[in-house]
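**Q** With the hints as constraints, model all of the structure from the sequences given.
Residues in the sequence shown are numbered from 0 upward in steps of one, following numbering that gives the first Met the number 0.
It is worth saying that the hints were derived from the structure and are not from the lab. Don't be surprised by glycine CBs; every beta carbon is placed ideally from N, CA and C. Be a bit skeptical, because a hint or two may be false.
As the list claims (entries may be wrong) - With a Cα cut of at most 25 Å, we get these calculated SDA-like pairs of lysine to any residue:
no., residue 1, residue 2
1, K275, R257
2, K227, I332
3, K34, V351
4, K74, V289
5, K299, A287
6, K83, L114
7, K75, D207
8, K276, N265
9, K276, T232
10, K83, I116
11, K73, K34
What the hints assert, rightly or not - The calculated label-pair distances, taken between Cβ atoms and stated as ranges, are:
no., residue 1, residue 2, range
12, D358, D138, 42 to 50 Å
13, I311, E104, 37 to 45 Å
14, L474, L168, 18 to 26 Å
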Amino acid sequence: MKNISWRLVAVIVIIVTAIIYVLPSIKPTLWPYKKINLGLDLQGGMHLMLEVDTEKAVESTVERISQELRSLMKKKRIRHSGIKRIEGSRIVVRLQGQKNIDAFEKLLDKEFEVLRILSKLTEDEIFTVIMDLPERESDQIKKLATEQALETIRNRIDQFGVSEPDIRLQGEKRILIQLPGIKDTQRAKELIGRTALLEFKLLDETHDLNAALQGNVPPGSEILYATKIDPATNRETKIPYLIKKQTQLTGAHLTDARVQIDSQYNEPYVSITFDKKGGRDFARITEANVQKRLAIVLDKNVYSAPVIQEKISGGQARITGNFSTDEAHDLAIILRAGALPAPVNILEERTVGPSLGSDSIRKGLVSMSIGGILVIMFMVIYYKGSGLIADFALILNILLIAGGLAGLQATLTLPGIAGIILTIGMAVDANVLIFERIREEMRIGKTPRAAVDAGYDKATLTILDANITTLIAALVLFQFGTGPVKGFAVTLSLGVLSSLFTALIVSRLIFDYFLISRKVKRLSI
Numbered sequence: 000m001k002n003i004s005w006r007l008v009a010v011i012v013i014i015v016t017a018i019i020y021v022l023p024s025i026k027p028t029l030w031p032y033k034k035i036n037l038g039l040d041l042q043g044g045m046h047l048m049l050e051v052d053t054e055k056a057v058e059s060t061v062e063r064i065s066q067e068l069r070s071l072m073k074k075k076r077i078r079h080s081g082i083k084r085i086e087g088s089r090i091v092v093r094l095q096g097q098k099n100i101d102a103f104e105k106l107l108d109k110e111f112e113v114l115r116i117l118s119k120l121t122e123d124e125i126f127t128v129i130m131d132l133p134e135r136e137s138d139q140i141k142k143l144a145t146e147q148a149l150e151t152i153r154n155r156i157d158q159f160g161v162s163e164p165d166i167r168l169q170g171e172k173r174i175l176i177q178l179p180g181i182k183d184t185q186r187a188k189e190l191i192g193r194t195a196l197l198e199f200k201l202l203d204e205t206h207d208l209n210a211a212l213q214g215n216v217p218p219g220s221e222i223l224y225a226t227k228i229d230p231a232t233n234r235e236t237k238i239p240y241l242i243k244k245q246t247q248l249t250g251a252h253l254t255d256a257r258v259q260i261d262s263q264y265n266e267p268y269v270s271i272t273f274d275k276k277g278g279r280d281f282a283r284i285t286e287a288n289v290q291k292r293l294a295i296v297l298d299k300n301v302y303s304a305p306v307i308q309e310k311i312s313g314g315q316a317r318i319t320g321n322f323s324t325d326e327a328h329d330l331a332i333i334l335r336a337g338a339l340p341a342p343v344n345i346l347e348e349r350t351v352g353p354s355l356g357s358d359s360i361r362k363g364l365v366s367m368s369i370g371g372i373l374v375i376m377f378m379v380i381y382y383k384g385s386g387l388i389a390d391f392a393l394i395l396n397i398l399l400i401a402g403g404l405a406g407l408q409a410t411l412t413l414p415g416i417a418g419i420i421l422t423i424g425m426a427v428d429a430n431v432l433i434f435e436r437i438r439e440e441m442r443i444g445k446t447p448r449a450a451v452d453a454g455y456d457k458a459t460l461t462i463l464d465a466n467i468t469t470l471i472a473a474l475v476l477f478q479f480g481t482g483p484v485k486g487f488a489v490t491l492s493l494g495v496l497s498s499l500f501t502a503l504i505v506s507r508l509i510f511d512y513f514l515i516s517r518k519v520k521r522l523s524i
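**A** In structure tokens form, the structure reads like this:
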């Protein structure tokens, strides 16, 4: 009786816990807990396969190194005939005079050990050296770019407010994204895919913009555009700016970005805050360039180019640009989450509508109900009263699976429903083994209680062997499978554990109640 009491307490605790976790999925107001998460195929949403352009990350690194090289050579007063990036990821430097060549090579050895020298050539007294990054360094940059892109996208989506997104690496440079329940797919794509490289650059006000537009762009400058939309006609206008290539400050030093409302014009803008170093640099830049125009550039697009009236201290600035509230909100999210280290390209895009998801749920529930009813009828017809015990265990098994899904906050997918349907058949399989053993024991003349004890004792090891091997297979599927396969593995694993519990403990407890407490003399099996 003591063992029965302990088993009874354990069964009651587990059943009550499962009910508590399942209640919010039936009626959310009954209990303050999360509902069972539905996967992309059940509640609709968006599926994206992205590829990180890792070559651009290498090119950006090489460009940064070339800028640093140019700056240090200017500081060391090493005269050169040109420094530029060629063929994407190579740097070519031209010098004249042995003094400059010696100083340059000394600078390379001291500050730029990472660069690999590909060739050296002297022609017409011009010394030309071509350099790049070694393969090992390039591979490391590519790997870090993909990992950083994954974390940046995850941060953006978390702040966007998508429930239970599935974001993971696929191969070396691809990222799989599943966003269940999302409706504004275009806005989500823009939020995910924007590089969001924020730069502060000075306008080139010493050269003629019109001449640059004709193709005569001065060295060290570039033409960038601002996009203005006329609110009356919704027509888009491109405004050109001649901007110095040198970046004065980037968004790397941002600590916060928030949407504010301009009290004068009642329009949203993005207020940005720098860390201490960024604040000091911003104050220094504005102090040194009073009455000059400073362009705020995001992904090569000019948002504004105000005139610096005075030194701006305090480490704060604002980005304006006739934003809508959603545009300002998304821009703030992107800036807070950080810039992508390289552009991402959408390789595959699928959108699942909510109606298709609802239809999948309905068909899944119908198939589950039909399968369950057929199994219940078979057990009652074939095993009579004992079949009713197995049917009760089957219903309890489904309740425990649902409770496990809610408790673990796992995601239920369409293959997951298939796993539950498979579990319905597997759940009674253990009972069938036990009942057949009990029948054999009763045929040789044992009493009902002795037959039940022998049936459970002899069938338990076989049941454990079969279910543990199935559980191992399910765990392997979960570890190495993708989203839908994982959904199947989750419900299959929960189903195996719950069927072991209901077959070996719950049904045995019911048999013991009738045979020991109620002293039943004849077993209906």
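**Q** Looking back at the hints listed earlier, which ones does the structure fail to meet?
**A** Violated hints (numbers, rising): 7, 8, 9 and 11; every other hint is consistent with the structure.
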